[in-house]
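*Asks:* For reference, the chains in residue letters:
Number of protein chains: 4
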Amino acid sequence: MVKVGIIGYGYWGPNLVRNFSAVNDCTVAAVSDFRKERLALVSKAYPSVKTTSDPDEILLSKDVDAVVIATPVFAHFPLAKKALENGKHVLLEKPMTSTVKEAEELMGIAKQKGLLIMVDHTFLYTGAVRKIKTLVDDGTIGEMQYFDSSRINLGLFQPDVNVLWDLAPHDISILLYLISKKPTSVNATGVSHTKNGIENVAYLTVNFKEDLIAHFSCSWTSPVKLRTLLIGGDKKMLMFNDLEPTEKIKIYDTGYNHKTDEEKQRVLVDYRTGDIFIPKVEMKEALYAMADDFVSCIINKKEPVSNATIGLEVIKILEASQHSIKNNGKEVVL
Amino acid sequence: MVKVGIIGYGYWGPNLVRNFSAVNDCTVAAVSDFRKERLALVSKAYPSVKTTSDPDEILLSKDVDAVVIATPVFAHFPLAKKALENGKHVLLEKPMTSTVKEAEELMGIAKQKGLLIMVDHTFLYTGAVRKIKTLVDDGTIGEMQYFDSSRINLGLFQPDVNVLWDLAPHDISILLYLISKKPTSVNATGVSHTKNGIENVAYLTVNFKEDLIAHFSCSWTSPVKLRTLLIGGDKKMLMFNDLEPTEKIKIYDTGYNHKTDEEKQRVLVDYRTGDIFIPKVEMKEALYAMADDFVSCIINKKEPVSNATIGLEVIKILEASQHSIKNNGKEVVL
Amino acid sequence: MVKVGIIGYGYWGPNLVRNFSAVNDCTVAAVSDFRKERLALVSKAYPSVKTTSDPDEILLSKDVDAVVIATPVFAHFPLAKKALENGKHVLLEKPMTSTVKEAEELMGIAKQKGLLIMVDHTFLYTGAVRKIKTLVDDGTIGEMQYFDSSRINLGLFQPDVNVLWDLAPHDISILLYLISKKPTSVNATGVSHTKNGIENVAYLTVNFKEDLIAHFSCSWTSPVKLRTLLIGGDKKMLMFNDLEPTEKIKIYDTGYNHKTDEEKQRVLVDYRTGDIFIPKVEMKEALYAMADDFVSCIINKKEPVSNATIGLEVIKILEASQHSIKNNGKEVVL
Amino acid sequence: MVKVGIIGYGYWGPNLVRNFSAVNDCTVAAVSDFRKERLALVSKAYPSVKTTSDPDEILLSKDVDAVVIATPVFAHFPLAKKALENGKHVLLEKPMTSTVKEAEELMGIAKQKGLLIMVDHTFLYTGAVRKIKTLVDDGTIGEMQYFDSSRINLGLFQPDVNVLWDLAPHDISILLYLISKKPTSVNATGVSHTKNGIENVAYLTVNFKEDLIAHFSCSWTSPVKLRTLLIGGDKKMLMFNDLEPTEKIKIYDTGYNHKTDEEKQRVLVDYRTGDIFIPKVEMKEALYAMADDFVSCIINKKEPVSNATIGLEVIKILEASQHSIKNNGKEVVL
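Chains as they are written, first to last, in our numbering: chain A, 1 to 334; chain U, 1 to 334; chain C, 1 to 334; chain D, 1 to 334.
Each hint should be verified, as a subset may be incorrect.
The list treats identical chains as one, so a pair stands whether inside a single copy or across any two.
Pairs of lysine-lysine residues, derived as BS3-like cross-links and limited to a Cα-Cα distance of at most 30 Å, are as follows [claimed, not checked]:
| no. | residue 1 | residue 2 |
| --- | --- | --- |
| 1 | K301 | K101 |
| 2 | K259 | K280 |
| 3 | K284 | K259 |
| 4 | K82 | K113 |
| 5 | K209 | K195 |
| 6 | K36 | K62 |
| 7 | K181 | K330 |
| 8 | K330 | K182 |
| 9 | K302 | K181 |
| 10 | K3 | K259 |
| 11 | K195 | K182 |
| 12 | K36 | K326 |
| 13 | K316 | K133 |
| 14 | K225 | K259 |
| 15 | K182 | K250 |
| 16 | K133 | K181 |
| 17 | K225 | K280 |
| 18 | K44 | K101 |
| 19 | K236 | K326 |
| 20 | K326 | K181 |
| 21 | K259 | K326 |
| 22 | K236 | K225 |
| 23 | K250 | K195 |
| 24 | K209 | K236 |
Calculated from the structure, these hints are not laboratory results.
Just so it is clear, the structure is predicted and the values come from calculations on it, not from any experiment.
One chain only, chain A, in its complex shape:
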């Protein structure tokens, strides 16, 4: 039985408590939040769960095996560090930390102490992304050529991180989950309309040694909501539209072949459009699967799907993107 303590009971908190409560071999021992009214909600819904406004009562407790950290990003590192140092396994909400250095330090402590550290990139547990992973792994898509994400809406401006830190981690983690190629550099541009240097519209290109390109378009100031991912392979292409209630993934038997016309020294391109296939996608709650993976990897000492390596790579890309934006879009090597 893994006894979990949860620090931070904001927007995401109730979902975490509900799902960890439902996972086998797991119990929610305690929840902490500095807001009394939030703790009252916990007590009402889960009378047996201990509540506290002092996170140390979780971090130092002998009745807690694992700590889930669902606070604002800036608090991730100190809380996680203390948890690890006190022998607790750690689950961090995304993004993992504010800096690469922090993430690497946490991973070092975890490794040294034999503890699990994991990041909640929930999307990796959705039926849709699992389906896409299968289509990439079994060769249906072929060699990936581009990955194009649009994640825009009239959104909740974050006070401390820009729109890339807020919205891009979802799709960056999906990209890293799907491929084994390593990104080599990034370029990012953006603009802030809030006079505080925090970009609310931003664009990120992730470059690879191979002829693969990944692009992320993020905005908190769009009148329309988009959650769209286009993935092109040299065999097939697909679109993942997360706003579609059932037809989330469309696989296009679409492609082109190019050959160099030696005589005329130019490239000839043949196009092909064919059938479209919309696979049924499992609709189980992704957060439950994430919680279950965390608990089961603690018990079985395995590596979770949404592991710290992916979490760290996401931070590397975000940190580099911030450097690029502040330097007028120049390439930042990873």
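Starting from the known structure of chain A, arrange chains U, C and D on it as the hints suggest.
*Replies:* Same frame as chain A, but now just chains U, C and D:
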């Protein structure tokens, strides 16, 4: 009566002949193309129009007042130069030329000789773009904050120019038509999957001194077709979806206000979503309006809507974008 | 303080308890259901609410002022009758009863005893329908000419009533709410694929003395889900698409004028298409507003929006439609 | 070589001349129309085609083997009769004639004289309908259970026939093409808003001995355009949306099984939703295939796809529907 000669009778040629034939105070005198079978089509449809495989029969003809150049881009400059030097007004298909230098030289000759030189950015004559221009000019949109274009499809790879040169001119010309602010620099990234260095997927950011950002996403290798433009102002936002048969423009009474909370030193943001308005848009053929503007500006010695200044600015941005792509996305000042 | 007892804790039960608990001047006193496991859910979520498997403990209780009946339709009449006879106000889930006779008898008892009887046609409390009501009442739409509803999906086959009884009440109640004209007759056709005489696909036309027509298309066996209402007036037309998350209502400045050409003895028709307007619609929970209306009408002795007269008219149309289906679609006068 | 004469050069005329000109073993000999300005268009586009304002110059000409009749419906019968009596094969635009009696008389003459009579139900030659035919014939769909058509728009009011005669023939011909079952009766309802008894909104149910139902919703007064066909089989279901540029047909692996629960005497239903498949559909011009079928069936003395039997059945259903509408929707046996 303006006598027009048309050089190049490819995909766009029949549309040009049909529309210039319909314009008042204008007649199509001659068409040239080096392909005999194309000229046969002209003769069949327009028996009274002279055809020739030698462009000089148009460029040097005393029966021609104005020359329309609808050839591949690389031929624009020599043909236009000869036309101007022989006292003809010139209309160039987009993009104007292959380089900024060429465009500037042509404009210099035209100015010196008192001739009209104009670029066919047809979109500026569509009912939709004219409507958007009105909404910008009358203050409905407010101060423009972002301009976000997606123009992707499974497209006709061009053999000599990349996807930005092919697809971005439409939306760049719209941007320049709408605003009086001057772009200051660009960043561009892209990838070629055809082993010839010609990018088939590319992204372009156009930067301004003010907190306005413009972004262009272009692809010849998308399984879905998009022709979408999002424009955000500080009063309203709009979406132009050119694939919608009738509901092309949606105006969102959507916005946000931010104020700095002095005490807590953070930015507070209020959101507002309201009604949506879909104005009726005139559906007349834009190419006719463009042809009519060309002829009428020759006669009345006026400046056309789609003038050479816009054409030149488009080339400046494209040339800079190419420089940026080849230099790993670095900022290129305009 | 109105003390409410709820009979039936099925699919809709938790929503009823939650909303009645939130309404001012109202408390949920007791919930009854014959299934022990359902009652356990009540106790867990609402420890202070009394639970019982015997509805009489609600119907005869001195601690209950009003009874909400959320059972299968066949049980509506006996439960409501007993409630009224014991001096309780009654709210019935839709459809009100299985027959017109039952509905009329209940209304008679309520009138005689000075009690409120009301039917939960929740749609009448949605922001969208309230907006449409305004557009009809203020003359925006003009004289209503047609009302066309499609409500289809791969649905929950009901064991005792056909698809019209299950799905049409929503849109029939909306129709009756919007207009003051009285329907005069109905025609209905349908088919059963379940060998039990219960139609799973059915079509209903409701006729009026005036040149207004209403049509309802209902199916439990469609691969796609539709929740669409088209309303045509002689001034404007509108579409209500309840599946749209935000753009639920579109108002079209569309119409036509006809005049009789005396000489040629034929009708000439002019078309007009204009702007489209998507009003912002309030998104508050409709069920809360319904519950609040019930409680407040008990206290203030007023008539609710979703009153028994509408409930009865819905049953009259359903009963007639069933008669029509079983008689090969013949007209059944109301 | 089949020499074709075309009577009527209205909206559809240019398409007919263009396609018959392109068909092998066929030549367009003459076109007649009583409007001089229409004939001038023919002469300009096709200088070699004879034009005349007197249809007899086609009907009685020795240089004409086959007559295409593209006039208003009321003129179909007299023109076709005269053509057949003069030994010409006949192609009629849809609907075939104004009455069943006329259609039967024409078919009798044609049979007696060994001439081909055919109706232009163009939809039967589209790639989409041919694909659907394959899916029905090869058992993919299973036993057809319902056929539900919506064909509505802000349309061209016809001066002499109602909206069912105008719009329903397309989908009725598709229905008859797909199945071998015979319709047994119809019910129809509708309304006229033009004070001339010509319905502009109408609904038609076509009944079968088996548990198959077909329904047609037609309107000339809708603010939105729909061209949708839902077909449900006991194995799969499909939607044909003719307004989709490429994704015209969606095949849903969706269904349900019902079994009677003997003990509880009720029907239990299991639902199944699965993958969706969008087959590529051939985009060749259907009218060309229709013209080719006409010519080739004349030469090879075969039966065309869009044969007179289907044309006649369509008229039977339309005539019965008119009878039903005028008799308050009563069932009219076919």
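*Asks:* Looking back at the numbered hints, which does the structure fail to meet, lowest number first?
*Replies:* The structure breaks hints 10, 12 and 18; every other hint is satisfied.
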